[in-house]
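Visitor: What follows is the residue order along each chain.
Protein chains: 4
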Amino acid sequence: MLTFESDYVEGAHPEILQRLIETNLVQVSGYGSDCFTESAKEKIRKACDCPQAQITMIAGGTQTNQLVIDTMLESFEGVVTASTGHIATHEAGAVEFSGHKCLTIPSHEGKMKAEELKDYLDTFFGDGNHEHMVFPGMVYITHPTEYGTIYTKKELKEISDVCHAYDLPLYLDGARMGYGLAAENTDVDLKTIAELTDVFYIGGTKVGALIGEAVVFTKNNQPSHFVTRVKQHGALLAKGRLIGIQFDVLFTDNLYFRIAEHAVSLAMKLKKALKDKGYRFLLESPTNQQFVILENSQMEELKKHVGFSFWEKVDDDHTAVRFATSWATTEENLEKLISLL
Amino acid sequence: MLTFESDYVEGAHPEILQRLIETNLVQVSGYGSDCFTESAKEKIRKACDCPQAQITMIAGGTQTNQLVIDTMLESFEGVVTASTGHIATHEAGAVEFSGHKCLTIPSHEGKMKAEELKDYLDTFFGDGNHEHMVFPGMVYITHPTEYGTIYTKKELKEISDVCHAYDLPLYLDGARMGYGLAAENTDVDLKTIAELTDVFYIGGTKVGALIGEAVVFTKNNQPSHFVTRVKQHGALLAKGRLIGIQFDVLFTDNLYFRIAEHAVSLAMKLKKALKDKGYRFLLESPTNQQFVILENSQMEELKKHVGFSFWEKVDDDHTAVRFATSWATTEENLEKLISLL
Amino acid sequence: MLTFESDYVEGAHPEILQRLIETNLVQVSGYGSDCFTESAKEKIRKACDCPQAQITMIAGGTQTNQLVIDTMLESFEGVVTASTGHIATHEAGAVEFSGHKCLTIPSHEGKMKAEELKDYLDTFFGDGNHEHMVFPGMVYITHPTEYGTIYTKKELKEISDVCHAYDLPLYLDGARMGYGLAAENTDVDLKTIAELTDVFYIGGTKVGALIGEAVVFTKNNQPSHFVTRVKQHGALLAKGRLIGIQFDVLFTDNLYFRIAEHAVSLAMKLKKALKDKGYRFLLESPTNQQFVILENSQMEELKKHVGFSFWEKVDDDHTAVRFATSWATTEENLEKLISLL
Amino acid sequence: MLTFESDYVEGAHPEILQRLIETNLVQVSGYGSDCFTESAKEKIRKACDCPQAQITMIAGGTQTNQLVIDTMLESFEGVVTASTGHIATHEAGAVEFSGHKCLTIPSHEGKMKAEELKDYLDTFFGDGNHEHMVFPGMVYITHPTEYGTIYTKKELKEISDVCHAYDLPLYLDGARMGYGLAAENTDVDLKTIAELTDVFYIGGTKVGALIGEAVVFTKNNQPSHFVTRVKQHGALLAKGRLIGIQFDVLFTDNLYFRIAEHAVSLAMKLKKALKDKGYRFLLESPTNQQFVILENSQMEELKKHVGFSFWEKVDDDHTAVRFATSWATTEENLEKLISLL
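Protein chains in written order, with our numbering: chain L, 1393 to 1733; chain X, 1393 to 1733; chain P, 1393 to 1733; chain S, 1393 to 1733.
Calculated directly from the structure, the hints in this document are not laboratory data. Incorrect hints may have been included.
Identical copies carry no separate label here, and so any pair may be met within one copy or between two of them.
[To be verified] Okay, derived cross-link-like pairs now, DSSO-like style, lysine-lysine, Cα gap no bigger than 30 Å in a straight line: (1) K1505 <-> K1705; (2) K1435 <-> K1510; (3) K1705 <-> K1510; (4) K1667 <-> K1696; (5) K1667 <-> K1728; (6) K1583 <-> K1669; (7) K1510 <-> K1664; (8) K1549 <-> K1583; (9) K1611 <-> K1663; (10) K1546 <-> K1505; (11) K1696 <-> K1438.
Generate the whole structure from the sequences, applying the supplied hints.
Guide: Written out as structure tokens, the structure reads:
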């Protein structure tokens, strides 16, 4: 049965598999010290226009979030996040497992507002004694957010400015970064992200790789002894080449961006078609995830023919569901989906 | 340059890559709930002759050890290990990171002795008050050990009996299990391991996979809510298929065992050739890792021509080095290595 | 300068000091195994009408909360609390330090509502997959709350019923429990608390002791090896007698209750006097903490003459401040405070 | 029944109780910000001849060790200790609970040797890659040790030099420090300790206080936000005065030293008397703990008349037992003990 359940229902982009085959017999050292990983890092540095970037390849997003947050925070500090942030909701407490609190501020369709962030931080760094409270030690945002929405360059700049006014690092979770960069009319590119954040990761798993996320420290600020810290978190792979090769391919000839553009363009086509048919959306998403409101009985009927994700109850009679596109989605299958709605 | 540095210098066995390609467009759900992973589990259950086995695929060995130990121990308990155990020496404190102490007993070429284990446990469960001490909560062994040595069935049975007399689970780290099972004259097979241990893992990364270890709970004793615990440790992969497919291939037509036999037979050939040439070994290893003692100047010369691992200083003039074989080692390259020595 | 800053500005009730002197030369074993601690436990069991109660004396409240929560939760579980709960706000992340998340629901003047608790729990234990979320593993309430408010017996019963319907333990933080039990018109007594909760602690530090909180497990549900767990948390005192003697005195001739009644009756006197003078209160507190709204300039003036706690900004011109009474507060000093307002 | 089981079987020195009574009604702020604590700190600074010392009062020794070690180490670092160190043996894994490994080196009657420490550290900071190992981040010693032995000034200096050559802080656990300072012929005084270590604690509980240990950072090296870190560990007492007053008394008119001298002089008397009677000792202890070897049947008989601690089995027929003296031990009771042996 056809499914639009998520952007990780298929394997990897064929060019990645092809390269795994070509390189299979090359003998290299382990733990990320291989030439493929080095090449990938160099290409990412260029794509970010950030020659000093310190880059590490990690298997998955939750692992990455736990690692970055735990190694950048002092033990008594917490991480500020919108209340809908992935770390605060759907990572099974991985951040708390490593001893840190998620400090939540309001979410606006997945995004935080610079002004609300500032107000929150003011309470700590202003008057009064907060010695008995968890101190904010970094700020976490997602781009695109869990709702497919994206920040504008101006919004990112404002958040970045607030963070730096309080000397807090800004961390951007880019599990689906490609789709954000490929959104119509966005003014945020990879260079902007490298400039405005202190650390971020480029999601591979959900943008055409089999596995892997590339963590980028942008300001010569990678925690000391980082390999040991990665190992301590159980996140160091013996065959580091597996992720290195994939990112090397993804950042060759703009494959990462081409994959994202393909998926976003199909998502926009879906949005337009459904709007034309009169469907309402939970919110306006410019990226590869679309949140459509269905009448419950229609949803039940649809389930028999196509896969999608339950998102949230809207009212007694309606439910928002998610359709996601990926590198593997075809025009043909998208048409099938549209015809079913 | 040719290298025998480790058994993870190449990619994956070609049959694995082939299957990744064949299945690439099949749409499946994430997080290990896919049909490939299910098929792999079923094959492993059969290979273990353990129909009730509860199996989970994890990316790497340190991750696996941290996860299994942390989720099976009560918070105040520690894990008993030989002093040379990987968890006690080369995992950067991943076990302590999750709050537990490694309780070390003597190592005999990497192995623990049942009698010494018993004596150690007796001190806790016998007379006297040990309320201020870390309680032993499980026993950890490696097979093969970090030194390539293996337990006999009798030794495993004795250790297992001691554990169970004290109601402690026995955990076997099988990062290189295949090579142990393929050792000449071993009487330990997978079924024996499943029978005598409470949990173990079958190493994939070092036995022909790109990545992945299969954790097997043998006694209906998998900790509750295991998926959530895996997620909390940052160890749940979105594209679970990646590991599932690999183990499905490894356990089809005995590929896992064929890979190991190939590597061990070449290692035995190396051992014989070097013994014939008069080389001494650090110890007798019946598996794919061979620890040869070289005169220091010879070692320096050899370095220019072939890769190997520094293991340990033997005396002022001699050093033990490790050569490892793998699925990808060829007769031709082995001959080259021998001719260099 | 006179102060009403908190209920821990003085030392201990004189009867406690007297007893410390009387018993000083008696030789007893350490770590809480002494006869004084045993006697205190027996008296508490009687006061709670809970013969099976398992009791442990701990030095302070945050220590106690961390210990109880960490040892009762599974590692992947969190604790549900009103958003204003002490553990979620003013314990510097002690709960997260031990690996657990505080799951917050709305606060109503410090209290949670059974219905909102039920709705929250329903989302986890109803339909759908919550494997990627932190599971609620216990419910935490404070009585009196951080705002001096108290639950009625009916409210406690409803919360308790919801907890038990989902098989979750209910934990009551009684840092100031005495003042709640001494509140006018309350229908909650110690026996009720022992009946409706699974574990609670009787606060000593803020109710006349020098130090110490008595943790009471009411349902034969104390975690195994509890002494070792206490030691592991750094919470086991060598001279356990120090806290044992104090609780023994506090639960002799109802001293604990007499102390609380004294403080509450003076607080009520303060409330009446200030209401008569036209002061507004932040909320209605029936216990020893009173939250009065002052005009800012008046607050500044008052500061010169008497100590109190800043509580929160009400608007640009007004601030809520806290006055607390204790065992040591005298009628005379209270009159002085009233005359200053 | 008379007991010499430990040095914490009685309450506090009478001068301490007297002062608690005198100060009982003085109103002071909480959490260690009171005038008594300030006065105590000032006296300790003088006694250490260390004007810049940063001092914090903590309830107990295990709490203190966990706090100091966890807050001074980076998350991937461990603490080096003699294998018999209290943290490695009898603190129920409190150090591991906070995520750190105890790295053990040989113990010589409780002491470590500078040369062996150096050899151990050399392996990390010399050649080779240790990225997969726990890094030594500080060195922990006890003075007196768990066996009552003490370091000479020269030994301390050598250990201190090794630590500082590798830029590692030296931490001295002084749970029984007073007895070490009062040992006959010792050349180690408090000033020496402050000079040679980076942080240490002065034990109160076992040297005449009801409770309390004073942590002293000697080199302006107290971790930032220390109050918050103390709170996060559950170690911040509301009535901080309780410990402050006690240390204020202990460091007035040399009470701390007078208490220790009294106990040590009685211990020496015991040692001489038993040697005269032909008893063997487990080792030579110059402090208040004496480890005497008894024939087993004699030990059983003695048990009926006097309390002592079982220490360790010496052989099938003999056992080492511990007798400890304290501020409260009288000549008369000591004579009774001697007469029983």
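Visitor: If a hint holds in the structure, say so; if it does not, say that too.
Guide: Verification of the supplied hints:
1. Taking the shortest alpha-carbon separations for K1505 and K1705, both the intra-copy value of 25 Å and the inter-copy value of 23 Å come in at or below 30 Å.
2. When the C-alpha separation of K1435 and K1510 is checked against a cutoff of 30 Å, the pair qualifies neither within a copy, at 35 Å, nor between copies, at 43 Å.
3. Proximity of K1705 and K1510 under a CA criterion of 30 Å is satisfied inter-copy only: 18 Å between copies versus 32 Å inside one chain copy.
4. Proximity of K1667 to K1696 under the C-alpha cut-off of 30 Å is restricted to the intra-copy arrangement: shortest distance 23 Å within a copy versus 67 Å between copies.
5. Taking CA atoms no more than 30 Å apart as the test, K1667 paired with K1728 passes inside one copy only; the shortest distance there is 16 Å, against 68 Å between copies.
6. Within a single copy, K1583 and K1669 get their C-alpha atoms no closer than 38 Å, and across copies no closer than 59 Å, so neither meets the 30 Å cut-off.
7. Taking the shortest Cα distances, K1510 and K1664 never come within 30 Å of each other, neither inside one copy (37 Å) nor across copies (40 Å).
8. Taking the shortest alpha-carbon separations for K1549 and K1583, only the intra-copy value of 13 Å comes in at or below 30 Å, while the best inter-copy value is 53 Å.
9. In the homo-oligomer, the alpha carbons of K1611 and K1663 never lie at most 30 Å apart, since the shortest distance is 39 Å inside one protomer and 50 Å across protomers.
10. Proximity of K1546 to K1505 under the C-alpha cut-off of 30 Å is restricted to the intra-copy arrangement: shortest distance 11 Å within a copy versus 41 Å between copies.
11. Taking the shortest Cα distances, K1696 and K1438 never come within 30 Å of each other, neither inside one copy (46 Å) nor across copies (34 Å).
Hint violations for this structure: numbers 2, 6, 7, 9 and 11, all remaining hints satisfied.
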